[in-house]
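Enquirer: Let's have the full structure, built from the sequences with the hints guiding it.
6 protein chains.
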Amino acid sequence: MFVKVVNPNTTWSMTATIEACARAVAGPGTRVEAVSPSMGPPSIESHYDESLAVPGILTEIAKGEREGADGYVIACFGDPGLDAAREVASGPVVGIAEAAMHTASMLGRSFSVVTTLARTTGRAWELAHRYGMRDACRGVHACDLPVLALDNDPDARKIVTEACLDALYADGSDVIVLGCAGMADLCAQISAEIGVPVVDGVAAATLTVQSMVTMGLATGKRGEFAPPPPKRYSGLLEGFTTEG
Amino acid sequence: MFVKVVNPNTTWSMTATIEACARAVAGPGTRVEAVSPSMGPPSIESHYDESLAVPGILTEIAKGEREGADGYVIACFGDPGLDAAREVASGPVVGIAEAAMHTASMLGRSFSVVTTLARTTGRAWELAHRYGMRDACRGVHACDLPVLALDNDPDARKIVTEACLDALYADGSDVIVLGCAGMADLCAQISAEIGVPVVDGVAAATLTVQSMVTMGLATGKRGEFAPPPPKRYSGLLEGFTTEG
Amino acid sequence: MFVKVVNPNTTWSMTATIEACARAVAGPGTRVEAVSPSMGPPSIESHYDESLAVPGILTEIAKGEREGADGYVIACFGDPGLDAAREVASGPVVGIAEAAMHTASMLGRSFSVVTTLARTTGRAWELAHRYGMRDACRGVHACDLPVLALDNDPDARKIVTEACLDALYADGSDVIVLGCAGMADLCAQISAEIGVPVVDGVAAATLTVQSMVTMGLATGKRGEFAPPPPKRYSGLLEGFTTEG
Amino acid sequence: MFVKVVNPNTTWSMTATIEACARAVAGPGTRVEAVSPSMGPPSIESHYDESLAVPGILTEIAKGEREGADGYVIACFGDPGLDAAREVASGPVVGIAEAAMHTASMLGRSFSVVTTLARTTGRAWELAHRYGMRDACRGVHACDLPVLALDNDPDARKIVTEACLDALYADGSDVIVLGCAGMADLCAQISAEIGVPVVDGVAAATLTVQSMVTMGLATGKRGEFAPPPPKRYSGLLEGFTTEG
Amino acid sequence: MFVKVVNPNTTWSMTATIEACARAVAGPGTRVEAVSPSMGPPSIESHYDESLAVPGILTEIAKGEREGADGYVIACFGDPGLDAAREVASGPVVGIAEAAMHTASMLGRSFSVVTTLARTTGRAWELAHRYGMRDACRGVHACDLPVLALDNDPDARKIVTEACLDALYADGSDVIVLGCAGMADLCAQISAEIGVPVVDGVAAATLTVQSMVTMGLATGKRGEFAPPPPKRYSGLLEGFTTEG
Amino acid sequence: MFVKVVNPNTTWSMTATIEACARAVAGPGTRVEAVSPSMGPPSIESHYDESLAVPGILTEIAKGEREGADGYVIACFGDPGLDAAREVASGPVVGIAEAAMHTASMLGRSFSVVTTLARTTGRAWELAHRYGMRDACRGVHACDLPVLALDNDPDARKIVTEACLDALYADGSDVIVLGCAGMADLCAQISAEIGVPVVDGVAAATLTVQSMVTMGLATGKRGEFAPPPPKRYSGLLEGFTTEG
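Protein chains in written order, with full-length UniProt numbering: chain V, 1 to 244; chain S, 1 to 244; chain Z, 1 to 244; chain X, 1 to 244; chain U, 1 to 244; chain A, 1 to 244.
Source of the hints: derived by calculation from the structure; they are not laboratory data. Do not rely on the hints blindly, as some may be mistaken.
Same chains, same names: a pair is fine if it fits in one copy or spans any two.
[What the hints assert, rightly or not] With a cut-off of at most 30 Å between alpha-carbon atoms, the simulated DSS-like pairs for lysine-lysine come out as follows:
1) Lys63 to Lys158
2) Lys221 to Lys158
3) Lys231 to Lys158
4) Lys221 to Lys63
5) Lys221 to Lys231
6) Lys63 to Lys231
Expert: Pasting the structure below:
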């Protein structure tokens, strides 16, 4: 089985971390490869960044179809391009916010999300609503670190851990969800330190996709998520095509 | 006052119709200009199309800022790129689904949406939820016409009108919302024929933006919708920039 | 176009302020007139006051129909009598809470309401639910000023401004909605002082009605909002009639 | 204990039926009196009627306070004036829609409402939402009888019974709620005929009030439902006063 | 009329208190008997306890059917076994959380629950959602007393009263709901001390059942709550039978 | 890794089928064992059956703790005893309805449940609400087969397949969820026949547990799901103990 993990930003050091975290949990029969698109933002910290990440994600999905990928992970907590990717892919596509929230909701009554910049909390709440987690999600908390500082800032783990503790105290929740793919490698240590389950979406989504493929499940294709109608795109996007 | 209407698809004949419908309702002091981006899909009939339309929309918003636009309409019923556009624009940005649904909800207890292809009804429902219209919206009905057939098919108006009548009968609603910018010019005739208020989002959004500008209102900028953090985009998108 | 603004209380000095604020935003072709009914409470600060304001409002709507009004604003933040007025009027009728909340929801992800007495916050929340704003509305805050003190108390603007700042801090919202028609004239100054969009429902409702009339839209009349069945009312209300 | 039942319309024959139905269930220590106000509509079949019924209801509540009433029933399925009555009364006030829906929700997972005219179904749904019954209420069905025909039309019971059966079939619900005080005397026979529990709000509300008084419970008065601030009303309503 | 009150735990001193509180409000024609099952937990403070209480409850319901009980109260705030009991009983069955929440919601816009241990608040919220009280219930607060300490701890009333005051302050609600059957006898005194209505579920449920029986109402039996299909249970439960 | 699957009914032939379906998807390092409790109902077709199944489930969980189980599946679509099991188990516990619904919601916008007897649809809806699937779940459909007929009735697969087709047609959903553990072995064939993804909860829950254990995740234990307070149970249940 081949699971392709798309890191929607173009920072390959982060892609390498994501790949390591995904591989660490994948089963023995599962090949995991993580990539960054050749176009897009170096990190995703706004709706603008997210929008500009999507064409690159879709290119990687289309490439994955040719490469024989069995399923896909979109490894950014805003789950950008998820619906479009589901139209294009024949196998399942899972976002890391989606997988993390569903997983967390089965580990207790409630969870709190800890994410990077405050401006992204609105999107996390929107996804919580979209995925039916309006009641299970008790809070979305920013630790005010830019995405790439997770890699560079020596205090990153300490800052995120403190934000997790603050979130638990404020929300009285059972579980923490890490709200950024760049936090994937902090997951085990933070969990050990704070003593509650901490869910990393990269691992959760990788295993969700692996499970779906194992069960022979893929996106339902009889309606909204059928392959997009064939048409030609113009301008910078003229390389994009669909075959129906 | 200058209101820029962005038709997210690249079909300029549809852009011309949209511009005419927007101008028909704008006040004497309001200049309305409609454009299509130089990149993107000829029509928007899938999540994939919608995703690929967004970079072009954002380019037009950025251009509008330099041109001195006071506000923007995004003239596709999926309201693509709305949140990102709000980060980039200093004035208000309104989507046609958003404006139509809010308007319709003040004309009765409930409305029904009539749209083009069945595969787009999921997105319309998602927006209804996002805008608080889960209860007011009683149904989203497809008339199974492709977007561009609205222009070409001589039976288009008849087909849409019949779908409106079916929707009213099935849902018992008070108001019809037309679920595609390409239906804007059919609005008055259909309303006359079926005897209930029919809301066209192009007109509704144009007047909503005009009203906001008149009141001195624009998107709140102290949090989620602040200008996106400055960064460099790579690949095909390297022309995109943000200045923070 | 003639838009009639009904201030449901009988304090004409407040009616004059409301009229000025409505006229300040109305288009050149729009005649705006504000009135108070000849019966009812001097201010509306309880469900009891609101109930007793409604017969007077309906009298003014009926009079408006004879005067040729094209649409109506109900200028009290409890939106009293809105459904009944929609049955009676042939043109659109919009409440100021309704218009303000819908407008605010298109200027960001969330808003906070700042109103007068704490006892009225329950009604504001009820309307937020009714209009689909349960998620967009993050808080309803009282500044503990009686309605008429907005006019008399020299500190009124300062008190309301501070309540707005407190609301923003507590709720983390993008937009402020002023929760009383008597605050209409404070809107611009407060917005300037606090640096976020502040929505006054009087202006918002006036422009919403103007937009609806421009688009040829009125309340749907095929069901719940058809003219009330004709009958005779007794006692003090024997002057009220309906013609079906 | 003295429970005062206010029939908000002015049709005393209906008031007599309501009184009989309330008395039939009241305990031995409970005195029940039903009244119609001296002002208002002969039946309530629109928002307009409902609005004009409220001042009369409030007069009867105020009179009840002087008469020593321990609690009140508002016997119209639109629950008109309920919040205002709660401000004025020192004891509990319960509407018949409210009592019927709460009761029905404890007799199964779901109920259906059968009411008179189709135009009143919107109000019934609004109340279902307000009382938390959005999920428990599976349908609101009109039998297309005017309110007063319940008394006059010899086929009334047959028509209502058939509407009940249709509702059960369409909704798959466990319980029927009768959606008009004028149906109170049909309750037992319909229940016998259709074989499911049928809830009459007049009986349910009378017993709910009796239970509250027995437990020493009344409306909470520390906030929204405190007595209305004292003020003078003008015009036809100048007889109304509040004492704070 | 015979109302059987089942205290799901096996602590008979608590059963005696519950019986006294139920009898104190029952009408002259109502015989009330409270029992504890012969099997189960001495107090209910976890989902585990609650699960193990249910077989005993169902035994008591089955016994009640043979004894001629007209209706049942389940006197634990988790409402354990309610749906199963409704299948088995021919008369109505009401839980104390259910009755208390419905009652409280008619005494104001909102209520707060004060319960025993923090670990039980999740269940109380789950019931609030189930009963449509998600909006009316503003908070569930633990006073950190074990259930049986309500009887033994001389400071119990003081501790619960303080938790009620804290809840009112935090939630701004109109009414308090006592979240444990063991608090039934504290109700009147706490209400007197804090000056807001305080609802005890034991009294509320007893009167709700009495009212239902008076109206001839019982659980709807045509679907989900029909008698359970007959089958034989094995192991420790082989004494359980159903007759269809 | 050892995953223990508890079939809450006592029909071992069904347990064998469940075990085969779980083993068919488990990874090479995962040992799966399915058991039936020694006490309880032969099939679960009512709330009564479900309640009587729970003590046996909890016994098996407790036994599993001693056996070193890493996680548990509760293999009945009512997810009986799930919260109690989470208190008792140190590893994760997942119900098959829960796992199936979460999985299905990531394979499209919506799903339909096809279950056995009509009387169980209420419970399925209750779980859909509890898990945040109120919008994603578009219908719960009964095929009117008793649970054990799934094994015996030679037409079982045909009947279930037809119910799936009817559900898809009625609901317009993307995915089917099989609403009974006894349907697990029909999953692949039905999916092949109807051409949409069909989710079997036994497989889904087994893989969800396996994934959680792989990630080192278990139920959060700092609040509601901490081990139950130690106490002695009486009567038939005296063998039950908790150690805190």
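Enquirer: Indicate, hint by hint, whether the structure satisfies it.
Expert: Hints and how they fare:
no.	hint	in the structure
1	Lys63 to Lys158	neither (38 Å within a copy, 40 Å between copies)
2	Lys221 to Lys158	between (44 Å within a copy, 23 Å between copies)
3	Lys231 to Lys158	between (50 Å within a copy, 26 Å between copies)
4	Lys221 to Lys63	within (20 Å within a copy, 38 Å between copies)
5	Lys221 to Lys231	within (19 Å within a copy, 37 Å between copies)
6	Lys63 to Lys231	both (18 Å within a copy, 26 Å between copies)
Hint compliance for this structure: hint 1 alone is broken.
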